[in-house]
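**Q** One letter stands for each residue in the lines below.
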Amino acid sequence: MQLFDIVFYVFAFITVVSAFIVVFSKNIIYAAFSLLFTFFGVAGLYVLLNADFLAVTQVLIYVGGILVLLLFGVMLTNKVINVEIKTGTIQTVPALILVAVVAGSLAGLFYSMWRTTGSPQASVSATTRTLGELLMTSYLLPFEIASVILLVALIGAAMTARRNRKA
Amino acid sequence: MGSLESFAREFVAWLPHVQLAHFLIVSAILFAFGIYGIATRRNAILVLMGVELVLNAANINFIAFARYTGTNLDGQVAAIFVIILAAAEAAVALAIVLNIYHRFQTVNVDEVSSLKE
Numbered sequence: 001m002q003l004f005d006i007v008f009y010v011f012a013f014i015t016v017v018s019a020f021i022v023v024f025s026k027n028i029i030y031a032a033f034s035l036l037f038t039f040f041g042v043a044g045l046y047v048l049l050n051a052d053f054l055a056v057t058q059v060l061i062y063v064g065g066i067l068v069l070l071l072f073g074v075m076l077t078n079k080v081i082n083v084e085i086k087t088g089t090i091q092t093v094p095a096l097i098l099v100a101v102v103a104g105s106l107a108g109l110f111y112s113m114w115r116t117t118g119s120p121q122a123s124v125s126a127t128t129r130t131l132g133e134l135l136m137t138s139y140l141l142p143f144e145i146a147s148v149i150l151l152v153a154l155i156g157a158a159m160t161a162r163r164n165r166k167a
Numbered sequence: 001m002g003s004l005e006s007f008a009r010e011f012v013a014w015l016p017h018v019q020l021a022h023f024l025i026v027s028a029i030l031f032a033f034g035i036y037g038i039a040t041r042r043n044a045i046l047v048l049m050g051v052e053l054v055l056n057a058a059n060i061n062f063i064a065f066a067r068y069t070g071t072n073l074d075g076q077v078a079a080i081f082v083i084i085l086a087a088a089e090a091a092v093a094l095a096i097v098l099n100i101y102h103r104f105q106t107v108n109v110d111e112v113s114s115l116k117e
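These protein sequences, in sequence, are chains A and B.
Following my numbering, the numbering of the first sequence begins with 1 at its first residue and continues without gaps.
Following my numbering, the numbering of the second sequence begins with 1 at its first residue and continues without gaps.
Bear in mind the hints are in silico, worked out from the structure with no lab data behind them.
Some clues are possibly wrong.
[Said to hold, decoys possible] Have a look at the derived ranges for each label pair, beta carbon to beta carbon:
id, chain 1, residue 1, chain 2, residue 2, range
1, A, VAL16, B, VAL82, 17 to 23 Å
2, A, PHE24, B, GLU5, 30 to 36 Å
3, B, ASN72, A, VAL68, 29 to 35 Å
4, B, ASN108, A, PHE24, 16 to 22 Å
5, B, VAL12, A, ASN27, 36 to 42 Å
6, B, PRO16, A, VAL148, 45 to 51 Å
7, A, GLN91, B, ALA13, 37 to 43 Å
8, A, PHE33, B, ILE96, 22 to 28 Å
[What the hints assert, rightly or not] Some residues of chain B that are not near chain A, with every Cβ distance over 10 Å (derived):
id, residue
9, LEU4
10, SER6
11, SER113
The model shown is predicted, which means the values in this text are computed figures rather than measured ones.
Here a beta-carbon is modelled for each residue, glycine too, at the ideal position from N, C-alpha and C.
Bound conformation, chain B alone (with noise of 0.2 Å):
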């Protein structure tokens, strides 16, 4: 019980003191909520939705080391190709869901099971 309470009382202390680990646990949150989004969801935009909070949390964590431990940009500009390849694959996505809806008159990603009619 001991180190517990040691724990806590080191974590209080911890809490108000923002670092490079706060915004990395908030990115671990969110890449978690990404993850369960995409998992869990059957609508083919909600995965989506779910790819971008995953790139997003990728991007605080390259910006926040980027920022906390290097004393250059080369984090940011990694996230910036990140954004690019974000609008490419949100762009191409639409597009196949589109299709998708067009040829199965639904984006139930359960029930889209063949490539070919």
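So here's chain A without its partners, still in its complex pose (with noise of 0.2 Å):
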């Protein structure tokens, strides 16, 4: 076992289990925090998988910038007195088994490709250049999209959420 394999165990045990206190917690605010010690997780994970420029990413945009947004939710969805915030949940025996049923096929999936999968490909190497290349390259029609797209959600975000419309 080398030290590779005991830094991905460490990372998708806190990955794992934190996602398990985000689905299950009873409080809004336990779920929040546990969010982000599986955003830092799976941002361990690109590290490990050569993805140094994503996991940066991963802990800008995920951490700094959609969990403060989850969280602004939370405080100004609940009426905060304390920190006490409960919430119910529904379905419980047809989301398990819908559940058991996923994951069942993606196992069996995976179970009959674990033997034949190989070592990784490429060397490890800085990733940034070469993916900034590639946006500018080949991905630049997505990429000038995806732009229009975060223009329109923006401007759509701010327009809904605006509190007292004249118009």
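Got two chains here, separate frames each, mind docking them using the hints?
**A** If you want it as structure tokens, here you go:
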């Protein structure tokens, strides 16, 4: 068992346990903060997969942006008198059956291929430059469309969230 | 019983050597948790958290396949687009949730069943 494997198991443990807390915790605040650890664990997995730029992007956008947005949502949509914000669950049994089917089929797929996977292809190197070149050459059109989508989402979110509309 | 025993021995021998399938299994677990959260939570923001878990699971798959089967970084570019769309989705969804809260005084997705007053 090499260092790579140990680090993988540490990050996988962090990710899975905190995702479990996100889904099963009764307290919304606890769920939101364990989502933080899930995102950090996933960023660690990205580093292990030689995706350094994506790991930093994950921390910046998910932790710095999306998680803060979600926390704003939690704070603004509950009457926060104390931190005890509870929530219920519904349809537990059908959801469990659905999840069992999904996870079982995925596990079956992976079981059928687990012996055939070899070692990683490319050697470890920095990816940022290559990613930038790809975004400016092969993926230029999706890149521009994504920027337009971000602009539309920004304006749409601002318009939707505005409190008192005159028109 | 013999086949089960050999399977268990093979599994234990496979476990410490991290390969593509390990990452895929972590991603499958994340995906299953996300689906469970989407299906069972009543609070709209917790449903959003489930969606984020599913997107993260998809991203792990993209990057793991890019690392283990390809020689280029196309999978990582796809993951970048997933992150971009997740950010846009979170912003718009939060705006909608705030509007729902102002109108219905709740974010319980069961009770919000009308499009118009």
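**Q** Next step is simple, just say for each hint if it's right about the structure.
**A** Hints, verified against the model:
no., hint, result
1, A:VAL16 to B:VAL82: 17 to 23 Å, "holds (20 Å)"
2, A:PHE24 to B:GLU5: 30 to 36 Å, "holds (34 Å)"
3, B:ASN72 to A:VAL68: 29 to 35 Å, "holds (34 Å)"
4, B:ASN108 to A:PHE24: 16 to 22 Å, "holds (18 Å)"
5, B:VAL12 to A:ASN27: 36 to 42 Å, "holds (37 Å)"
6, B:PRO16 to A:VAL148: 45 to 51 Å, "holds (47 Å)"
7, A:GLN91 to B:ALA13: 37 to 43 Å, "holds (40 Å)"
8, A:PHE33 to B:ILE96: 22 to 28 Å, "holds (23 Å)"
9, LEU4, "holds (14 Å)"
10, SER6, "holds (13 Å)"
11, SER113, "holds (14 Å)"
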